[in-house]
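Asker: Given next are the chains, with one letter for each unit.
There are 2 protein chains.
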Amino acid sequence: MPEKLYIGMAGFGTVGRGVYTVLKRNAEIIERRSGHALEIKTIVCRDIKKAHDFANEANIVNDLNAIIDDPEISIAVEVMGGIKPAKSFILNAIRNGKDVVTANKALLATHGDEIFREAQKHNRRVYFEASVAGGIPIIKALREGLAANQIFEITGILNGTCNYILSSMHQSPVSFEDALKEAQKLGYAEADPTFDIEGLDTGHKLTILSALAFGTPYQFDSSRVCGITSVSSTDVKYAQKFGFVIKLLAIARKNKDNISFSVSPTLVPENTFLAHVNAAMNAVEIKSDALGTSFYYGAGAGGEPTASAVLADLVDLARGNQVSMPLSEANSVALMPIDAVNDKNYIRLHAPLINEKAGLVEQIFKQFDIRIDKEMSEENNLVFITHECSENRFSSALDRIRRSFGETIAIHVMKIKK
Amino acid sequence: MPEKLYIGMAGFGTVGRGVYTVLKRNAEIIERRSGHALEIKTIVCRDIKKAHDFANEANIVNDLNAIIDDPEISIAVEVMGGIKPAKSFILNAIRNGKDVVTANKALLATHGDEIFREAQKHNRRVYFEASVAGGIPIIKALREGLAANQIFEITGILNGTCNYILSSMHQSPVSFEDALKEAQKLGYAEADPTFDIEGLDTGHKLTILSALAFGTPYQFDSSRVCGITSVSSTDVKYAQKFGFVIKLLAIARKNKDNISFSVSPTLVPENTFLAHVNAAMNAVEIKSDALGTSFYYGAGAGGEPTASAVLADLVDLARGNQVSMPLSEANSVALMPIDAVNDKNYIRLHAPLINEKAGLVEQIFKQFDIRIDKEMSEENNLVFITHECSENRFSSALDRIRRSFGETIAIHVMKIKK
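Protein chains in written order, with the UniProt record's numbering: chain A, 1 to 418; chain B, 1 to 418.
Hints were generated in silico from the structure; no laboratory data involved. On a predicted model such as this, the values are computed, not experimentally measured, just so you know. Mixed in with the good hints there might be a few duds.
One copy or two, either will do: identical chains are not told apart, so a pair holds if it fits within one copy or between any two.
[What the hints assert, rightly or not] DSSO-like cross-link-like pairs, simulated, lysine-lysine; straight-line CA separation at most 27 Å:
no., residue 1, residue 2
1, 256, 24
2, 287, 24
3, 24, 254
4, 241, 344
Let the hints inform the model, and build the full structure from the sequences given.
Answerer: Now the structure itself:
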């Protein structure tokens, strides 16, 4: 008989319940694949009574030390979220000799180095497949499947709430506000959706992917992130007319001397895989030297999909797999906003009678040597798709337009995915 | 300093050279991720002189025993292909205490059980990521990423040659024969393309995926496989008119009492990921209980993409990862052709003046309770898309049509992907 492994789980919300349910349902498969029976010995959560209704057999308490101090528990699962008390729970579990599985992207994106260093020091392992893109095994693909590759670029649709809202806005001409309300009604957006719609959650996840791919530090910086609150139904309409779909893309790219990092609404050509990622689904595209372009798609949130990732980590730990802790590298290059690169751009100028001044705008673009690929003029909107041009020249042209038209003009700009 | 691992590689064609090249180029990354320097100590191939021109530093010989009998070599890489002498090479390497990495789908699909049992007996590991879908880490996703899931269905586009030919036929109205010739000219099809275009290569790969997902035996049976030689430009045209794309799909599906298994040209709705897998690319869609639908896409062949998979296996072995050998299960259910299931179907009846007899055909379908979803009648072709119906009723209806129209009629039938 293989040894039984005892697990302590901190947190019993959607993900924790998913882990409990799937482990129970698929116990036999999991035991066969991991070589061990896995048992959730202790669950720590706030509402003990409610948890008991769901998991009547487990030992349910509200003290994290019940896991940390139990020598029989060899793996601590952290699915509480947030920084406090998740961080100290994980650090103390490591110090007490436990391996850790966490789904906590906010924590890793800000304190990943400290946690992985502590794990390395104590010869413990911290696994975190569930922290990015839910059940898609993207951490595994990046660290193991593509282990022999130099990574050039990672592009992700990493937040189900944003993708659900944007997908709705492409299906019918609703405003962002109405699409958000509908998403909240259906449970795809939280009562306070700030964290999702402002791009912070996406930024956390990209910070983790970028650390794995490029060794950049676990130092999430919200200034590099733009969410979807400014995407209007008008922009969606024009994007579609030009053959694009607007997605909140997270992009980390290796340049000569730095890693560029951006989270922002981006026009994606409609004949690509990324454009077909609809509703609350997630996806990641990786460009690397040996493999070329690869693409991974699946459910990025929800109890059971996320549980699938947590349990995959538990199986890996049970098998005794060794993956070195993904510390950011001493010589890691700085994260930079995407600016030195050449992109195609979408620009919509909105002002009364702007249509009569198309010639003036075209002249300005010409002055800055920016070639126009497509143009559309209607209803006080003047819309352009440019050819690739440097960010500097493009900003200068926008400045000139602003100065030429004064305060009456509204300028809406988005990048176009290469 | 971590211990250096010595590798012996049998075979130095496209894949072998890819492994050599990528290992050399990315040595530092690979050492960091695996914890060991990996060195190809010995290469065994037929044309030693030609190999020396490519890899001037390596020890190149034409005797497989140079690997098998070398106690310093701990990992044998088999990238020769074919059954003889690959099988005995792998078995002898295992018996001499070596772990094995192989890209050989034909061998595993027919002798996988024998090889994995031998590995288990000698406490060795046989890794084979490169055997299915080239560089896409699909074996890893299925065995590890989805380790906690019950798999319901696997659908794959697993042969680059077939997909290249079919993609060409959808881009312009060329015949299968002309598309094949063009593919041969461009290096996407071999001089003797039988193995690819008859679906055998796809069948081998599906046999491996099915064994991993469902525990079915490694006993490839060519009778369950249909290739693409009968796909005509006329069928491509009608498929497109109805909103579909024809792909050679490999499908393994868990039913109540058995596993259905099929490789055949299939109509895929054009708004799906699978329909967008073009040129020589591969993809796999997996349906499972916890994660739901996930999708994986990338290069399925070629030197460096396949090398990416071989090297990922080497990194896993170097890390000391343990995955139990995927023996087929004692109680494994039999593979069955897909027949008990309900599918939508495409039927094209071709005969002089068939268009005038649409009423008769509709009547036959009605007799067998088969509802028609779409219908098109032109140029001696009468084309139907049915609603879902049982395979039995559908075959009976086809028999009746055959009897009613006699030998003058040609009947072309394909399944439609759910």
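Asker: Are the hints correct? Go through all of them and say.
Answerer: How the hints compare with the structure:
Taking the shortest Cα distances, residue 256 and residue 24 sit within 27 Å of each other only across copies (21 Å), while inside one copy they are farther apart (49 Å). Within a single copy, residue 287 and residue 24 get their C-alpha atoms only as close as 38 Å, which misses the 27 Å cut-off; across copies the closest is 20 Å, which meets it. In the homo-oligomer, the alpha carbons of residue 24 and residue 254 lie at most 27 Å apart only across protomers (21 Å), although the nearest pairing inside one protomer, at 43 Å, exceeds that limit. In this assembly of identical chains, residue 241 and residue 344 lie within 27 Å of each other by CA distance solely inside one copy; the values are 16 Å within and 33 Å between copies.
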